[in-house]
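Assemble the whole structure, with the sequences as input and the hints as a guide.
Number of protein chains: 4
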Amino acid sequence: MFKNVDLMTAIVTPFDKNNQINYPAMKKLVDHCLKTGTRGFVVGATTGETPELTDDEKVELYTKFGQMVPSNVPVIAGVGTNNTKESIRMTKKVGAIKGVDVCLEVVPYYNKPDQRGMFAHFTQIAAVSPVPIMMYNIPGRTGVKMANDTIVKLSHNPNIIGLKQCGTMEDMEYLVQHCDQHFVIYSGEDPQALFTKIVGGNGVISVASHIYGKQMRKMYDALYKGDYKTAGELQCKLTPVMGALFMYPSPSPTKAVLNAQGFDVGGCRMPLLALNKPEKQALAKALGLPQDALLHSLSKELKL
Amino acid sequence: MFKNVDLMTAIVTPFDKNNQINYPAMKKLVDHCLKTGTRGFVVGATTGETPELTDDEKVELYTKFGQMVPSNVPVIAGVGTNNTKESIRMTKKVGAIKGVDVCLEVVPYYNKPDQRGMFAHFTQIAAVSPVPIMMYNIPGRTGVKMANDTIVKLSHNPNIIGLKQCGTMEDMEYLVQHCDQHFVIYSGEDPQALFTKIVGGNGVISVASHIYGKQMRKMYDALYKGDYKTAGELQCKLTPVMGALFMYPSPSPTKAVLNAQGFDVGGCRMPLLALNKPEKQALAKALGLPQDALLHSLSKELKL
Amino acid sequence: MFKNVDLMTAIVTPFDKNNQINYPAMKKLVDHCLKTGTRGFVVGATTGETPELTDDEKVELYTKFGQMVPSNVPVIAGVGTNNTKESIRMTKKVGAIKGVDVCLEVVPYYNKPDQRGMFAHFTQIAAVSPVPIMMYNIPGRTGVKMANDTIVKLSHNPNIIGLKQCGTMEDMEYLVQHCDQHFVIYSGEDPQALFTKIVGGNGVISVASHIYGKQMRKMYDALYKGDYKTAGELQCKLTPVMGALFMYPSPSPTKAVLNAQGFDVGGCRMPLLALNKPEKQALAKALGLPQDALLHSLSKELKL
Amino acid sequence: MFKNVDLMTAIVTPFDKNNQINYPAMKKLVDHCLKTGTRGFVVGATTGETPELTDDEKVELYTKFGQMVPSNVPVIAGVGTNNTKESIRMTKKVGAIKGVDVCLEVVPYYNKPDQRGMFAHFTQIAAVSPVPIMMYNIPGRTGVKMANDTIVKLSHNPNIIGLKQCGTMEDMEYLVQHCDQHFVIYSGEDPQALFTKIVGGNGVISVASHIYGKQMRKMYDALYKGDYKTAGELQCKLTPVMGALFMYPSPSPTKAVLNAQGFDVGGCRMPLLALNKPEKQALAKALGLPQDALLHSLSKELKL
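Protein chains in written order, with UniProt numbering: chain U, 1 to 304; chain Z, 1 to 304; chain P, 1 to 304; chain C, 1 to 304.
Everything labelled a hint here was simulated from the structure, so no lab data went into it. Hints may be right or wrong, so weigh each one.
A pair counts as met if it fits within one copy or between any two copies, since identical chains are not told apart.
Pairs of lysine-lysine, BS3-like flavour, derived with a Cα cap of 25 Å [what the hints assert, rightly or not]:
| no. | residue 1 | residue 2 |
| --- | --- | --- |
| 1 | 214 | 285 |
| 2 | 112 | 153 |
| 3 | 277 | 145 |
| 4 | 17 | 112 |
| 5 | 277 | 27 |
| 6 | 237 | 214 |
| 7 | 300 | 27 |
| 8 | 218 | 92 |
| 9 | 28 | 303 |
| 10 | 98 | 218 |
| 11 | 3 | 300 |
| 12 | 112 | 145 |
| 13 | 300 | 153 |
| 14 | 218 | 93 |
For clarity, every value in this text was computed on a predicted model and none was experimentally measured.
In structure tokens form, the structure reads like this:
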């Protein structure tokens with residue numbers, strides 16, 4: 001399913017003026033992403049503001065999203081919570097949706113389980129999921145780290161298809177070398193996009209690809225041709241703007257840029273807030289744009 | 001409401017053999033806590049496994065808990081989530097329960113709002129809550145830290161009554177000096193119980209007090225009499241056992257001790273797990289008990 | 001030797017206009033410290049810019065300092081380096097100086113020995129030192145932490161008299177409870193001055209006592225009388241100014257204040273620099289003084 | 001001078017049975033390194049136990065080393081200390097030695113200068129050095145980090161030829177993009193060897209190259225041919241053994257392996273210690289060797 005899928009986008013959830021999901025805007029954004037290098041999607045991840053969606057909204061969103069995206073493009077839907085029973089309930093529901101290929105299950109946040117608890121959590125979910133699950137390891141958000149050993153053990157579960165990993169490159173290298181053959185590994189950190197591919201990972205689940213997809217595609221394609229210098233230089237230029245998209249709570253910076261580009265993705269749901277004017281100016285600066293670039297309409301093709 | 005309330009217990013939620021809330025066990029535990037020094041409760045905090053309770057369970061739990069506890073003992077009920085709208089909905093419901101004096105609202109976990117978002121989050125909840133709210137700042141679980149300045153600003157909101165704070169003593173000292181007169185501040189870190197009181201905080205919201213309440217009471221009472229040496233020595237002896245109660249995901253170690261003491265609090269809900277045999281033995285050692293102490297029945301009075 | 005010695009000053013080394021040690025200024029400062037609460041000295045510690053003194057300067061400084069200070073006031077002289085052989089050589093020399101009561105030996109910095117190497121290092125130095133040695137554990141400067149267990153083992157060496165410790169209060173409590181009876185323990189962190197005393201440590205080796213000695217003395221004396229509230233409030237007010245004295249490389253902020261107070265302690269030796277004007281203004285603000293307070297002459301009695 | 005110099009070795013200093021520098025062993029090791037991929041040397045760095053050498057020993061070592069190494073192979077000699085005046089004195093002396101091409105100057109350790117102090121420190125040394133200097137930024141040892149901006153400013157100094165950098169890849173990318181044209185940048189972290197080259201750095205100053213030089217050479221050569229997959233796989237296999245060489249204080253693990261391989265490099269000087277038997281067994285395991293491999297004689301060609 002993930003063959004040649006190096007660049008996936010963790011897509012934002014557009015909201016309309018009434019703070020409801022804006023499906024036409026989502027369709028437009030999906031098409032833009034596919035045209036600029038994206039080869040798969042994670043919908044309803046943190047970037048998609050999933051903590052601020054109701055269960056009913058998630059089911060509707062994933063159902064419509066599954067219809068929007070060509071069937072050969074993998075769709076991974078965010079499901080996991082910090083409650084095993086609840087995660088199982090939603091996984092059964094979401095995994096049955098047509099067009100959802102994989103359920104994304106995060107390491108439980110806030111209640112801080114240990115490795116034994118994580119192993120049990122993912123094993124129980126995998127046992128009942130109608131589709132394969134992907135695990136999501138992001139210690140900076142969850143307060144706990146799933147250890148390499150735990151991941152390797154879980155990688156042998158045939159219904160656990162892979163991992164979205166936020167960690168060091170040392171961990172990434174270890175995982176690539178030790179996980180099961182069938183298991184795919186994506187970095188969840190945009191600045192590791194190139195290095196992950198080089199050490200044998202599958203690629204990146206990206207936020208920056210909403211905006212810099214063409215450059216990321218060019219980077220990967222240069223690498224495949226053996227032109228590591230061009231690839232390396234592109235990563236160097238991408239890294240700071242990738243960082244800038246996290247200088248305020250994500251996805252608010254990404255949405256600010258997309259809105260200026262005319263994608264009409266709306267604001268964020270509380271406790272996240274849309275950027276205010278000084279924040280937009282600071283973001284513009286960090287992206288190498290004129291100070292007021294995000295206050296007016298902006299080209300869909302940004303330079304590095 | 002919090003006058004003379006120095007020691008509060010963040011009480012565990014007992015489960016029966018069917019993994020349902022065990023109210024008789026809870027009543028027994030409440031009485032034990034009150035007899036051994038506790039002067040207030042937080043029910044449905046992390047220690048109470050609130051992420052693993054349904055909304056209906058929470059409402060029932062808080063309703064019955066409000067009836068169990070004498071009316072002069074403050075009851076703080078855990079409500080907050082990482083979704084502002086959802087937190088508002090539940091706060092209205094829980095705040096209307098008889099016997100709930102305060103709603104506890106955590107800094108949003110996992111989605112990582114910034115200071116502006118936190119300020120808006122707590123302000124909106126406070127605006128509609130039927131009872132005063134207390135904020136809960138615990139960066140190790142939430143991935144973000146509410147800054148001192150933000151707390152000071154929020155302390156002037158008359159419907160925000162106080163803070164449960166997990167941070168450095170430097171931060172505690174700053175907050176005590178700068179927050180509003182009406183605002184109460186409790187440490188959420190047992191090893192800071194003594195220092196917090198010395199620098200002018202209100203006390204501690206404790207896990208260890210389930211088990212070491214008498215010694216904690218003795219420590220505070222020694223301090224009040226000016227006997228800082230006895231108080232200091234007690235803290236020295238308490239600190240390692242307080243730490244031991246977090247050597248596995250909380251509240252599993254506390255429940256293991258309480259079960260051995262005959263309180264019948266049951267296991268934990270997934271993704272948390274009850275301690276297995278080697279873990280119980282390691283915990284016993286860390287508490288200065290014989291290796292198999294937690295495998296058999298244990299005195300309700302542990303020595304330091 | 002350390003009975004009733006709760007407050008020691010890690011005294012700065014004054015330099016004259018030619019960047020040579022200014023002994024008259026040192027004498028004046030010593031007298032000031034003794035009058036304002038100091039009961040012992042560490043000379044030639046980091047605060048004394050010992051890395052920027054030659055061996056000959058150190059020997060002269062310690063010889064003269066031994067003569068300056070009343071014989072009942074303990075003098076600890078900084079000796080240790082990250083080279084065991086060299087530390088032994090200097091310890092023999094400095095330990096023979098009249099008036100030097102103790103040699104201070106730092107955990108080796110930069111070359112990052114392990115616990116076994118630290119144990120051997122201190123054991124070999126103690127074996128040949130003419131006077132007892134005190135160890136100095138400051139991971140933020142040395143890049144390695146001497147573990148509690150290693151310290152406890154070394155505390156049983158009769159020629160190792162004590163420890164200057166920069167760590168958590170948990171570590172301090174453990175050490176107080178477990179180290180040898182004869183062993184003294186001082187915090188090297190001013191904000192821990194009060195807590196260290198409360199949990200049974202001997203006191204603090206202070207930088208802030210150059211300037212806020214009276215308040216620190218008052219804090220300790222209040223504690224001894226059982227007035228923990230006054231002591232706690234003083235610590236709350238001292239903590240931020242203690243921190244401010246480290247907002248630029250120490251001892252440059254302390255020297256800036258002392259110079260404004262007329263103590264004529266001069267600048268710093270490279271790679272440390274005297275504060276420039278904007279830095280003096282920022283420091284003044286952090287100390288609660290008027291913006292230009294450190295540009296002109298300043299009272300020797302600062303308020304909190 | 002550094003054209004095509006991608007792999008440099010920070011060479012250990014061999015000691016004989018009397019703990020004196022063993023020059024025949026050093027010559028043998030130099031030849032081995034050159035044969036297995038090394039294209040330049042840093043002598044008297046931390047790996048060379050420079051904190052444990054006297055000034056006279058350093059001068060003798062660098063003089064003889066300059067003669068050992070072919071003149072087209074760059075030699076960088078460790079000189080810097082945490083005392084600017086002393087660093088200047090030694091730089092003048094060492095920079096005048098025939099065969100020393102560059103003086104390595106570390107960011108001052110232990111006394112923790114700020115950016116202004118670092119800038120002044122390096123500028124003053126560069127002003128008097130007979131040969132170009134290279135700066136060494138290693139926060140884990142020094143306790144302070146030289147900031148990217150400071151490095152960029154210093155890179156424009158014509159007598160500062162480059163940097164040995166231990167930091168994140170984000171910092172490396174920034175520096176490569178922003179430093180002066182003439183300025184060379186090497187990573188001081190073996191696990192970054194490949195990534196550094198890809199993003200445009202000059203290469204790595206390595207410890208692992210004593211032992212795994214052939215594989216590191218093969219890795220770089222694969223990259224140059226565009227075969228990123230082979231290069232990436234080699235890095236994956238090298239990273240854990242590179243880490244193992246730092247599982248005890250460096251260079252003791254490297255010396256243990258070299259001794260088993262017959263290079264006769266001797267022990268370490270205090271406070272560093274030669275590995276004991278259990279440490280050698282643990283290291284062997286971490287290197288993928290039989291448990292007792294380092295207790296007996298070992299092949300000069302280790303497999304990954």
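Next item on the list: Indicate which option fits the pair residue 277, residue 145 if close means a Cα-Cα distance not exceeding 25 Å: within, between, both or neither.
Entry: For residue 277 and residue 145, only the inter-copy Cα distance (24 Å) is at most 25 Å; the intra-copy one is 36 Å.
Notebook entry, point to check: Taking 25 Å as the upper bound on the Cα-Cα distance, should residue 277 and residue 27 be classified as within, between, both, or neither?
Noted result: The answer is neither: 28 Å in one copy and 54 Å across copies each exceed 25 Å.
Margin query: Regarding residue 214 and residue 285, is the shortest C-alpha distance of 25 Å or less found within a copy, between copies, in both, or in neither?
Written below: Intra 21 Å, inter 45 Å, cutoff 25 Å: intra-copy only.
Next item on the list: With 25 Å as the alpha-carbon cut-off, assign the pair residue 218 and residue 92 to within, between, both or neither.
Entry: neither (38 Å within a copy, 49 Å between copies)
Checklist line | Within, between, both or neither: residue 237, residue 214 at alpha-carbon 25 Å | finding: within (13 Å within a copy, 32 Å between copies)
Notebook entry, point to check: Is it within, between, both, or neither for residue 300 and residue 153, if the alpha carbons may be no more than 25 Å apart?
Noted result: neither (43 Å within a copy, 35 Å between copies)
Check: Are the CA atoms of residue 218 and residue 93 at most 25 Å apart within a copy, between copies, both, or neither?
Finding: neither (38 Å within a copy, 51 Å between copies)
Item checked: Homomeric proximity label, residue 98 with residue 218: Cα distance no greater than 25 Å -> Result: close neither inside a copy nor across copies, 32 Å intra and 48 Å inter.
Note to self: Regarding residue 17 and residue 112, is the shortest C-alpha distance of 25 Å or less found within a copy, between copies, in both, or in neither?
What the structure shows: Between copies, since 24 Å is at most 25 Å while 37 Å is not.
Check: Is it within, between, both, or neither for residue 300 and residue 27, if the alpha carbons may be no more than 25 Å apart?
Finding: within (16 Å within a copy, 61 Å between copies)
Next item on the list: If the cutoff is 25 Å on CA atoms, where do residue 3 and residue 300 land: within, between, both or neither? Let me know, please.
Entry: neither (28 Å within a copy, 41 Å between copies)
Notebook entry, point to check: How would you classify residue 112 and residue 153 at a CA-CA limit of 25 Å: within, between, both, or neither?
Noted result: within (20 Å within a copy, 30 Å between copies)
The earlier numbered hints that this structure contradicts are 5, 8, 10, 11, 13 and 14.
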